[in-house]
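Below are the chains, spelled out letter by letter.
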Amino acid sequence: MLLKALLTRLVGGASISPIKQHQNRRNSSKLTYAKYPVLADLVVGLLHKKGKADEESGVTNEHMSGTSMQPVETVFPAMEVIERVGVPVDHEELVMSLLMAQLGSPVWILREKAAKVLGHIHNSQVILDDICGLLQNQEPSQNALHGRLLCLKVIVCDRPRHSWSELLSSRRTIIDEANILRR
Amino acid sequence: MSCIEAKASALTRRSAGLPAMITGILSAHPDSIVFDNPILDLQTIASTQVVLAADQIETRLPQVHALNCLKDIFTNSRLGPATEPHLATTLTIAVNCLENNV
Numbered sequence: 009m010l011l012k013a014l015l016t017r018l019v020g021g022a023s024i025s026p027i028k029q030h031q032n033r034r035n036s037s038k039l040t041y042a043k044y045p046v047l048a049d050l051v052v053g054l055l056h057k058k059g060k061a062d063e064e065s066g067v068t069n070e071h072m073s074g075t076s077m078q079p080v081e082t083v084f085p086a087m088e089v090i091e092r093v094g095v096p097v098d099h100e101e102l103v104m105s106l107l108m109a110q111l112g113s114p115v116w117i118l119r120e121k122a123a124k125v126l127g128h129i130h131n132s133q134v135i136l137d138d139i140c141g142l143l144q145n146q147e148p149s150q151n152a153l154h155g156r157l158l159c160l161k162v163i164v165c166d167r168p169r170h171s172w173s174e175l176l177s178s179r180r181t182i183i184d185e186a187n188i189l190r191r
Numbered sequence: 004m005s006c007i008e009a010k011a012s013a014l015t016r017r018s019a020g021l022p023a024m025i026t027g028i029l030s031a032h033p034d035s036i037v038f039d040n041p042i043l044d045l046q047t048i049a050s051t052q053v054v055l056a057a058d059q060i061e062t063r064l065p066q067v068h069a070l071n072c073l074k075d076i077f078t079n080s081r082l083g084p085a086t087e088p089h090l091a092t093t094l095t096i097a098v099n100c101l102e103n104n105v
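Those sequence lines, one after another, are chains A and B. Residues in the first sequence are numbered from 9 upward in steps of one, following the numbering used here. Residues in the second sequence are numbered from 4 upward in steps of one, following the numbering used here.
Each statement offered as a hint is correct.
Computed beta-carbon distance windows for the label pairs:
1) 45(A) / 38(B): 18 to 26 Å
2) 141(A) / 43(B): 47 to 55 Å
3) 97(A) / 24(B): 41 to 49 Å
4) 88(B) / 165(A): 36 to 44 Å
These are calculated hints, taken from the structure and not from any lab test. C-beta: ideal position from N, C-alpha, C; glycine also.
With the sequences and hints as input, model every part of the structure.
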């Protein structure tokens with residue numbers, strides 16, 4: 009409860025529309041992480057945390073057991089911070105890789121949250137490349153596939169419909185690849 | 004602070020009136036020179052390692068009361084500016100508490 013209260017004080021508690029979040033996020037990200045340098049390290053640390061059971065058995069973040077509940081309580085707040093504030097610039101590559109790993113989490117709610125966060129923080133300039141990347145990588149687990157499809161759904165629903173016609177007309181291959189995946 | 008230790012075994016979800024009492028006292032003088040001391044004391048109590056003995060009849064967790072007090076203090080709008088310097092440390096304490104088995 010204390011953590012949630014503090015995060016609400018730092019980044020706000022009211023839910024705002026995804027479009028407005030994306031518009032505000034770039035500007036607010038630097039402001040909050042610069043003002044509270046410890047926040048960036050905390051976010052990375054929370055995403056890295058493993059449950060006690062996983063630590064004892066040597067399970068890595070990519071292969072967490074479904075019975076380990078502690079990571080949900082540590083990873084979820086971190087993803088909430090990233091969703092509202094954005095990715096810390098100094099740790100961008102690491103955080104993005106950790107978020108991508110969460111797309112394959114055995115816990116549904118973590119996959120869903122990671123998909124939502126990744127879907128909202130994507131750079132609109134490279135959105136088509138992001139979608140191609142999500143479709144092309146062949147993941148062996150159903151969980152990872154589910155996470156990637158959730159992320160795609162968020163990306164597609166996040167943009168206004170009229171903007172897609174321009175993008176799709178120039179990138180026909182995306183539809184072809186989606187059809188291949190559906191088969 | 005002595006109430007927190009005295010009532011450490013009386014565990015309630017929100018620590019009853021303790022947070023309200025401490026917040027009320029601090030609200031009276033948010034700019035006082037001694038405002039920082041209670042915050043530091045609460046942070047110390049909240050950071051204390053949890054020790055649970057198997058043969059203990061009652062469970063003493065003053066950390067619970069300290070955390071609830073800190074929550075009320077940091078969510079109080081009157082104490083916002085005064086608590087700003089302690090925000091980072093309290094955030095670290097809150098994150099570390101997630102690792103506790105209790």
